[in-house]
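Enquirer: What follows is the residue order along each chain.
Protein chains: 2
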Amino acid sequence: MPKIAKAKPIPKQALANNPSIYGVVLAGGSGTRFWPKSRLKTPKQLCALGGQKESMLEITLDRFAPLVAPARRMIVTHKEQLAATRKIAGKKCPVLLAEPQARNTAPALALAALAIEHMASKIHPGTEPIMVSMHADHVITDLVEFNAVVKRAIAVARSGWLTLLGVVPSYPETGYGYIERGQALHLRPFDSNGSAYEVAGFREKPDRMTAQGYVTSGRFLWNSGLFVFPVRSLIAELERTLPKDMKALRSCLKKSVATGKNPFNEAKLAKVYPRLTKISIDEAVLEKSQKIAVVDADFGWQDVGSWDALAQAFPSKNPNGNLIFGDAVTIDTENTTIDTDGPLIATIGLRDMVVVHHNGAILVCPKNRAQDVKKIVESLQATKRREYL
Amino acid sequence: MPKIAKAKPIPKQALANNPSIYGVVLAGGSGTRFWPKSRLKTPKQLCALGGQKESMLEITLDRFAPLVAPARRMIVTHKEQLAATRKIAGKKCPVLLAEPQARNTAPALALAALAIEHMASKIHPGTEPIMVSMHADHVITDLVEFNAVVKRAIAVARSGWLTLLGVVPSYPETGYGYIERGQALHLRPFDSNGSAYEVAGFREKPDRMTAQGYVTSGRFLWNSGLFVFPVRSLIAELERTLPKDMKALRSCLKKSVATGKNPFNEAKLAKVYPRLTKISIDEAVLEKSQKIAVVDADFGWQDVGSWDALAQAFPSKNPNGNLIFGDAVTIDTENTTIDTDGPLIATIGLRDMVVVHHNGAILVCPKNRAQDVKKIVESLQATKRREYL
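Quick mapping for you: the protein sequence lines, in order, are chains A and B. All residue numbers for the first sequence refer to my numbering, where the first residue is 11 and numbers rise by one. All residue numbers for the second sequence refer to my numbering, where the first residue is 11 and numbers rise by one.
Because the hints were derived from the structure by calculation, they are not lab data. The reader is advised that the hints may include incorrect statements.
Copies of one chain are not kept apart here, so a pair can be met inside one copy or by any two copies together.
[Claimed, not checked] Keeping only pairs whose Cα atoms sit at most 27 Å apart, straight-line, the calculated DSS-like set for lysine-lysine is:
1. K298 to K278
2. K278 to K63
3. K63 to K384
4. K63 to K102
5. K288 to K51
Next up, chain A with everything else stripped away, as it sits in the complex (with noise of 0.2 Å):
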């Protein structure tokens, strides 16, 4: 891969009324994974998890503050949730790109991407937009040493660069993808702590002896999902291996749009959406792309993928390890979450389990099964039980 031998300047104004930069955030799911608490219509992205009192979304909104203004915010939500996302995001982002089908990422990022193309030559056209996308259901817990990766990662992708934050691994997580870090890019001004690297390659899900050896190495990164792209850049690589998706997308921008609205006409994306290819943004642009970078990103980053995740996510402060949101009380119980919206919870002799009261569902399995909660989701969709999906 080339290198660049300099990189521009991070601007000196406030970065959140730069016009150059967009905030994009994927707000899709299916609310299968934290099931009983996410449903279809309220999936992850719009609870309150960990005891906080706002929704995921909102905080994952609030987290652009200092980076971008509303103005240039957008989510990308599915058509089922577009409601009650509207109400969560209000005027902390007006502009909802809604999907009428989940393709995975490269579709949802291409939408964004197009979206800001026509929204930046309409407002600037002179500018180079770059795009940060984050993912809704994401917990960062340092906000000062996100926004300063985010900074640097935006500096990057001034001079081309795909630019992915890898998260430093803190533990052989088998439950994440890894980033392999190639050569240092010696960009300014980061050319005394070398904190900007090719990618060498990416590992899927390891087990866990090759997840150790990664965090060993010090090589390796959690690949977070969390994106900042020269927008131009993107939708070129996006052009050369999904042309005819791209082109079918690029067909249903309106001619003429309001700022601040969405410039997708609603009817032609629903008839285009279901030819799309369903497909990662890791597997259509990311691994084949010549030029990606990675920034290291140490910022107390968790995908909070599921019920056991939760634990990693909000550590508990209880000695026995349980961490309880809600009614309960606990007799030699261990390492467990109990989360309810009402009912109390009473547990004896648990250990590393999860037990869980929301909308009139109880969920109980030991942490190390709480991927399976899909399956109990996939069972109450075969017998039609609408009332707890």
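Using the hints provided, position chain B relative to the given structure of chain A.
Expert: Leaving out everything else, chain B in the frame of chain A:
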């Protein structure tokens, strides 16, 4: 111990019409062992367990149908539970004796014995009354055999023996007391099968190995708490061991009582009860008396003492051994008891667990910790969570 050579024959007329047979149901209970289903005001015997439609008390009263007419039945219960008990008992048992406090089984049976003596002296002064005493929270599955055994026990009791129903153990239960059989009582009409025996002794709840030895020996029977007593003999024994208590209780009897009414003065009982000895009938009488007999009983008896015992009393018909009452979805779940009065219970990867929702509270514990449910209730008492008691 002296042996009696001759038993009085079983009466020819239908037993239920025999004016000398009285039925007593002990229906106290603090409502802790089946929490959150059982509560202080609706203890276990007032609950329908094991997916049955009727409460355990109602099933117990119905069990008397071929044995004792309603007019000669009585329930000993706790004052707090009187209203709920009356609602269930209705015409099946008009006489309710309310204890102001729980003082264990000796005072409860003394109360019943004095009431029977009082009633019998008014109605049939010539007869020697016999009391058939059951607990309201036991399960008996083979009613034909039960009736046969009770008839046999009545014949033994008629010969003056305080007669216990000793259940032939089907496995080495460590939660029950055991009765050791002594010499066979050659009472007619039992000469041929010798199924009545003197009691050689009582054994407290044994450890697993001792229990296994008991079962193997064939000489030990579960102490079911099902008794058939000649009432005057019982009163004589009680007056010997608890003379002051008996005198105090007798002083509470009303002078004139309408048939089918509680013969005790409640205000007097309230004064007397706190001073009564808190003692079981086993300690007060059975372990001391010289004239205790036991009759083999093999009619599917279970003392459903806690959530884990439910699976023994109501064997699962599910291939995974799960016992499910109410709405549930189970994945990789075995030998687990699920009981819900509404919310869906979804489980993954559970084995030998109890998961219950009733009246706004959820219990989750391994079956082998079900005995500790009382600790939950104690904790709720300590924190004055009256809504859950």
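Enquirer: Look at each hint and say if it fits the structure.
Expert: Status of each hint after checking the structure:
no.: 1; hint: K298 to K278; in the structure: neither (30 Å within a copy, 92 Å between copies)
no.: 2; hint: K278 to K63; in the structure: neither (38 Å within a copy, 57 Å between copies)
no.: 3; hint: K63 to K384; in the structure: within (26 Å within a copy, 34 Å between copies)
no.: 4; hint: K63 to K102; in the structure: within (17 Å within a copy, 55 Å between copies)
no.: 5; hint: K288 to K51; in the structure: within (22 Å within a copy, 59 Å between copies)
Violated hints, listed in ascending order, are 1, 2; each of the other numbered hints is respected by the structure.
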